[in-house]
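Fit chain B to the known structure of chain A by using the hints.
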Amino acid sequence: MKNTIYKLFTLLTFVVALTSCSEDKTKPTSRYMPDMYTSVAYEPYGENNVLPSGMDSQAPVSGAIARGQVPYDYEDSIDGYEAAKKKLKSPLSVHELSSEKGKSLYGIYCVVCHGKKGDGQGYLVKREKFLGIPNYKDRDITEGSIYHVLMYGKNLMGSHSSQLTREERWQVVNYVQTLRNNLLK
Amino acid sequence: MKSVQKHSQISRLVYATLAFLFIFTMNLSAQADATAGKSLFNANCAACHKLDKKLVGPALGKISERREMEWLKAWIKDNNALRASGDADAIAIYEEYKGSPMTAFPQLSDTDIENLVAYMDADPVKKAGVAQMVAVEEVKEEGSSVWITYTVLFIILALILWVYLKSNNGFLKIVATIIVLLNIAYFGFTALLEVGVDQGYQPVQPIAFSHRIHAGENKIDCQYCHSAAKHSKSSGIPSTNICMNCHKNIAEVSEETATAEYSKAFYDGEIQKLYKAAGWDAENLEYTGESEPIKWIRIHNLPDFAYYNHSQHVTVAGLKCQKCHGPVEEMEEVYQYSPLTMGWCIDCHKETQVKMEGNGYYKNIHEELSKKYGVDKVTAAQMGGKECGKCHY
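Which chain is which? The protein sequence lines are A and B, in order.
Take 0 as the starting number for the first sequence in numbering that gives the first Met the number 0 and just add one per residue.
Take 0 as the starting number for the second sequence in numbering that gives the first Met the number 0 and just add one per residue.
Next comes chain A alone, as it looks inside the complex (with noise of 0.2 Å):
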């Protein structure tokens, strides 16, 4: 009898232990079986020590175009933005635009800095964080240009080609193109 009670107060004391070790929140869990967690196929943003780089995901090899996706062929320079301010021309047809797709990516794209109208008045630069945003209205762009530097960026605004596909850009450049023609009204 006295024996069976020590076990069962040993086990208590051990499992009260256990349960209140797991108050470090910056260790993950103990896992069952976690072979089952955590398979051999490769995660996204994976360590790798057999690839190149170190990680999983490789850029992919230079000149290789992803299916469905089409080159740009205008160059990153000036006279390249100057080529695509006259010469490119949207692919969409009016059916496909829609100024809902449009405005809901340059909420979430271009709003922080261009502002709502696309008068450079963005919450970066009203907190005065990031200033220099040009008015749209000032600025003599055509939907060429405007793909162009989504594409590439100019001067201190980046490249957004990596957050928006081909055809996101082009709702995009029609509806910066819609709120210039308001500003210009």
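Misleading hints may appear alongside valid ones.
Beta-carbon label-pair distances, calculated as ranges [claimed, not checked]:
1) B:PRO100 / A:LYS184: 28 to 34 Å
2) B:GLU366 / A:VAL60: 26 to 32 Å
3) B:HIS299 / A:THR164: 47 to 53 Å
4) B:ASN308 / A:LYS102: 23 to 29 Å
5) A:LEU96 / B:VAL315: 33 to 39 Å
6) A:THR164 / B:TYR185: 50 to 56 Å
I should point out that these hints are in silico values taken from the structure, not numbers from a laboratory.
Where a beta carbon is used, it is the ideal one built from N, C-alpha and C, also for glycine.
Just chain B now, kept in the frame of chain A:
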């Protein structure tokens, strides 16, 4: 004679007042110049120039110590024309910054430019009233209550032990056994239920990136950085080029951003870590080409036998990130807000109605389903969000 003297006294007084007023208004107008100049500068020039540091173009503080006013007017209005006229200074500075010509500003008048120069020449205004940050040691009250619990537990344990060892009362022993067994069951199950559930997990990240500052104070949209959420399974952690869209310009935080816990120097140091990872030379404002990956520590991690897709929930269902991830915009460091257990997924699928409006693809399915279940609104579970094969395959 006397009256004349008096006269001259009065006139002296008048002159003095006039002179005083004159100087005073001069002063005033000089100040107004600089303020007008500041807004002009912020709107037109700040994209490329800072006063104290090189940006796209040279630093412009105390510019008139370097250049004549006439030269500045010509340069700012049309620097291309000035270069074409063969001005040696203009050509020299253009050569120094080869490749990035400055925009011409024919719309600025001479007064505008005088205002601008007044602003550039003025001593930088130090923001007044920035209190010294004093780290306050918080006295933790928690300790005492923990000790009360421990004392009570200890007393109960001692009592039970006494019942077993010293007491001969059979009833007390049965009660004590039941208490012991209940305790084992309770603590045992709590321990087992915690296995693999990382709610509250908050690892220390390699860069003390603050969602409170970015998504909260500066209202940057979640998807600006987590831009894959709208199309793919994974939300994605932004690569450094996205950080650099802003941080090419933002090299340090302002005084007001510092808190009692983290100083400005600490935050500035964290931005330097970003520069190191991105391979950005903040002195010369160019990439060195020597970048290295930032090893963020993953927080949310479902086991690989469960399939979860962000685009299904963010784009199709239109759920807010905060529904699952909690008030991220208030978190200095991100922690796991939801348990991410299967019960959690299923509960929400049972409760949440599917958005039917304006979705042509779902129209027929939805009509059939709502007939089948006899309701006008279909929950995610009724649509199949409870079937094993949807998440485990």
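Hints, verified against the model:
1. The supplied range of 28 to 34 Å is met by PRO100 (chain B) and LYS184 (chain A), whose beta-carbon atoms lie about 31 Å from each other.
2. Range check, GLU366 (chain B) to VAL60 (chain A): Cβ separation about 48 Å, and the 26 to 32 Å hint is violated.
3. Distance hint check: the CB atoms of HIS299 (chain B) and THR164 (chain A) are about 25 Å apart, inconsistent with the given range 47 to 53 Å.
4. Distance hint check: the CB atoms of ASN308 (chain B) and LYS102 (chain A) are about 25 Å apart, consistent with the given range 23 to 29 Å.
5. Checked against the given bound of 33 to 39 Å, the beta carbons of LEU96 (chain A) and VAL315 (chain B), roughly 22 Å apart, lie outside it.
6. The hinted range of 50 to 56 Å is satisfied by THR164 (chain A) and TYR185 (chain B), whose Cβ atoms lie roughly 53 Å apart.
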